[in-house]
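*Asks:* What follows is the residue order along each chain.
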Amino acid sequence: MTENNISKAEELNRQLKKNVEEIGLYEFKPDDKEITKFCDLIGDDNLIYLDNIAANKAGFEGKVIPPSYMTSLTNPLVQLILTKGGPHLFSKLVKAFIHVGSEIEFLKPMTMNKKYKIKTELSEPIKKSGKKGVYYNIIFKLSVLDENNIICAVDNHDCFFKL
Amino acid sequence: MITKKIEIGQEIPSFKVKMEKKTYKQYNKLAKEINPMHLSKLYVHRLGYDDILIAGNFLFSFVPKWIIDWIDGNINALSSITIKFENPVYPNDEIIFNGKIIDIKQEDNRKVVHCEYQAEKINDKRVMNGTVKLSFSK
Numbered sequence: 286m287t288e289n290n291i292s293k294a295e296e297l298n299r300q301l302k303k304n305v306e307e308i309g310l311y312e313f314k315p316d317d318k319e320i321t322k323f324c325d326l327i328g329d330d331n332l333i334y335l336d337n338i339a340a341n342k343a344g345f346e347g348k349v350i351p352p353s354y355m356t357s358l359t360n361p362l363v364q365l366i367l368t369k370g371g372p373h374l375f376s377k378l379v380k381a382f383i384h385v386g387s388e389i390e391f392l393k394p395m396t397m398n399k400k401y402k403i404k405t406e407l408s409e410p411i412k413k414s415g416k417k418g419v420y421y422n423i424i425f426k427l428s429v430l431d432e433n434n435i436i437c438a439v440d441n442h443d444c445f446f447k448l
Numbered sequence: 036m037i038t039k040k041i042e043i044g045q046e047i048p049s050f051k052v053k054m055e056k057k058t059y060k061q062y063n064k065l066a067k068e069i070n071p072m073h074l075s076k077l078y079v080h081r082l083g084y085d086d087i088l089i090a091g092n093f094l095f096s097f098v099p100k101w102i103i104d105w106i107d108g109n110i111n112a113l114s115s116i117t118i119k120f121e122n123p124v125y126p127n128d129e130i131i132f133n134g135k136i137i138d139i140k141q142e143d144n145r146k147v148v149h150c151e152y153q154a155e156k157i158n159d160k161r162v163m164n165g166t167v168k169l170s171f172s173k
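So the protein sequences, as listed, match chains A and B. Position in the first sequence (from 1) plus 285 gives the number in our numbering. Position in the second sequence (from 1) plus 35 gives the number in our numbering.
Among the hints, a few may not be true.
Unchecked claim - When the alpha-carbon atoms are kept at most 27 Å apart in a straight line, the in silico BS3-like pairs for lysine-lysine are as follows:
hint, chain 1, residue 1, chain 2, residue 2
1, B, K67, A, K377
2, B, K76, A, K416
3, A, K426, A, K377
4, A, K342, B, K173
5, B, K67, A, K402
6, B, K119, A, K322
7, A, K404, B, K76
8, A, K393, B, K140
9, A, K302, B, K67
As the list claims (entries may be wrong) - Below, a sample of chain B positions facing chain A; criterion: calculated Cβ distance under 10 Å:
hint, residue
10, Y59
11, K67
12, M72
13, K76
14, G91
15, F95
16, D104
17, I110
18, S114
19, I118
20, E121
21, F132
22, I139
23, Q141
24, M163
In case anyone wonders, no lab produced these hints; they're calculated from the structure. These numbers come from a predicted model, not from an experiment. Every residue gets a Cβ at the ideal spot worked out from N, C-alpha and C, and that includes glycine.
The following block holds chain B by itself, in its conformation from the complex (with noise of 0.2 Å):
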């Protein structure tokens, strides 16, 4: 059940995080990351990146967490994600997470919640958009 307003249109409010070196290292320490990607420079400096990159994974980890956040902790209603990656973003970055309700249909007894997203470097450009659907019991 949701129990705030929402409405077509509607803001999601925004996200901040900035990817921390030392939490990113621990990170692919816990994930047993062993893509060069995201680990060697060197590595990605022969292919033309500036550092190593942030792990897609990662970055996909703050998306159901805004969002269950917005939706006041209720897990139940995420009922699908898609994210594309459209940028690198790479150590100590600072990105901002903005999103509003595009569409909300009534379906069965239950009221379905489709969202956008975007995902920005603080006054750079954007690294990764995708979609939000929630599904809600009445």
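The following block holds chain A by itself, in its conformation from the complex (with noise of 0.2 Å):
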């Protein structure tokens, strides 16, 4: 690997964890309609994630977050890191950018009309090969948390980055 590339790594590194640290806490309130769109577009019926009453009978206290939806949750803050403060990183440093795999917990359900948080951790880039050359991995630890600060659930989102 070039020395060029490698200062571009720490360049991406110190950039992601910047904007990590400026972001601080992601609240949001999980959207309704978007996940009954969702849900259509899936093709999935669980009346637990579309109707309250049904959701309330499974011993829910509202509709349920489907956690099919669990990493599209995630996904915009994942691209706020990557934007923040303008088109710097993909205009300068990154080639290529790609969600290669996650492990995911639940561990609680999540239900709707409440608000949550995502907290974030990086980890540090490590260097691969594959079929398109060269790659750097960076794990984004996303966990997500309720209204008393309690795990709902933990997204370890891996990505490749082409540099």
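Each chain sits in its own coordinate frame; assemble them with the hints.
*Replies:* Below is the structure:
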């Protein structure tokens, strides 16, 4: 690997960590309509995601956020971390970015009409080689917390960056 | 609580889904996708891919849905999922998920079920694999 790419990896690491620090805890309230649309798109008709009465009958306070939606829920934050401060990362450092895997723990079902927060921790970049050349691997550990700071889910979002 | 009989080696009923172009476009809009890997043919051609890549987030969506449907909608039992994307999936690809139970353990008063799964394009290569952990109260 050239020195130029090593310094680019260091710059990427520095910039991403700066963005994570500036964003801090990312707060959001799941959008009811978006989740209904999502269920429609993936063909999921489980009523606990779509109907409050059905969710109550199943023992939940309200409509449940589908576990299928978990990585879609954390994705806006990943995108924000990558783009905060303008297109600098993509125009000067990153040729391509791809999500290569996830390890997700479901600790507590999440229901609608509540506020949640996501706490982000980043791993150090690790150089890897694949079919498409050299990539840098960074894991975004995204912990979703409820209003009482109880962790509901953790997405270890594994990403490759081509520099 | 689990109501169906389960045992080590048992296969999970397979699940087939087509990555409809129109549906995926709607998903990208919903997810406010900005990654050109999932949006721009010109961009991905430069990187050596045939077409835009279906986002991992969208592909992941079908794993919990498939598993939760299999366990009769019991979302409380879903404990963890791992997913590793191995090969690109493109719009209009049809993929099939297969899996099986590899271990069952009693932990305190719970039955913990470990599964492995993989997904492949119909008559083509494997595109992803992973594990699922389910935890049922007795």
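*Asks:* Next step is simple, just say for each hint if it's right about the structure.
*Replies:* Do the hints match the structure? See the list:
{"no.": "1", "hint": "K67/B <-> K377/A", "verdict": "holds, 23 Å"}
{"no.": "2", "hint": "K76/B <-> K416/A", "verdict": "holds, 20 Å"}
{"no.": "3", "hint": "K426/A <-> K377/A", "verdict": "holds, 25 Å"}
{"no.": "4", "hint": "K342/A <-> K173/B", "verdict": "holds, 20 Å"}
{"no.": "5", "hint": "K67/B <-> K402/A", "verdict": "holds, 19 Å"}
{"no.": "6", "hint": "K119/B <-> K322/A", "verdict": "holds, 26 Å"}
{"no.": "7", "hint": "K404/A <-> K76/B", "verdict": "violated, 33 Å"}
{"no.": "8", "hint": "K393/A <-> K140/B", "verdict": "holds, 21 Å"}
{"no.": "9", "hint": "K302/A <-> K67/B", "verdict": "holds, 23 Å"}
{"no.": "10", "hint": "Y59", "verdict": "holds, 9 Å"}
{"no.": "11", "hint": "K67", "verdict": "holds, 6 Å"}
{"no.": "12", "hint": "M72", "verdict": "holds, 6 Å"}
{"no.": "13", "hint": "K76", "verdict": "violated, 14 Å"}
{"no.": "14", "hint": "G91", "verdict": "holds, 4 Å"}
{"no.": "15", "hint": "F95", "verdict": "holds, 5 Å"}
{"no.": "16", "hint": "D104", "verdict": "holds, 8 Å"}
{"no.": "17", "hint": "I110", "verdict": "holds, 6 Å"}
{"no.": "18", "hint": "S114", "verdict": "holds, 6 Å"}
{"no.": "19", "hint": "I118", "verdict": "holds, 5 Å"}
{"no.": "20", "hint": "E121", "verdict": "holds, 9 Å"}
{"no.": "21", "hint": "F132", "verdict": "violated, 13 Å"}
{"no.": "22", "hint": "I139", "verdict": "violated, 19 Å"}
{"no.": "23", "hint": "Q141", "verdict": "violated, 21 Å"}
{"no.": "24", "hint": "M163", "verdict": "holds, 8 Å"}
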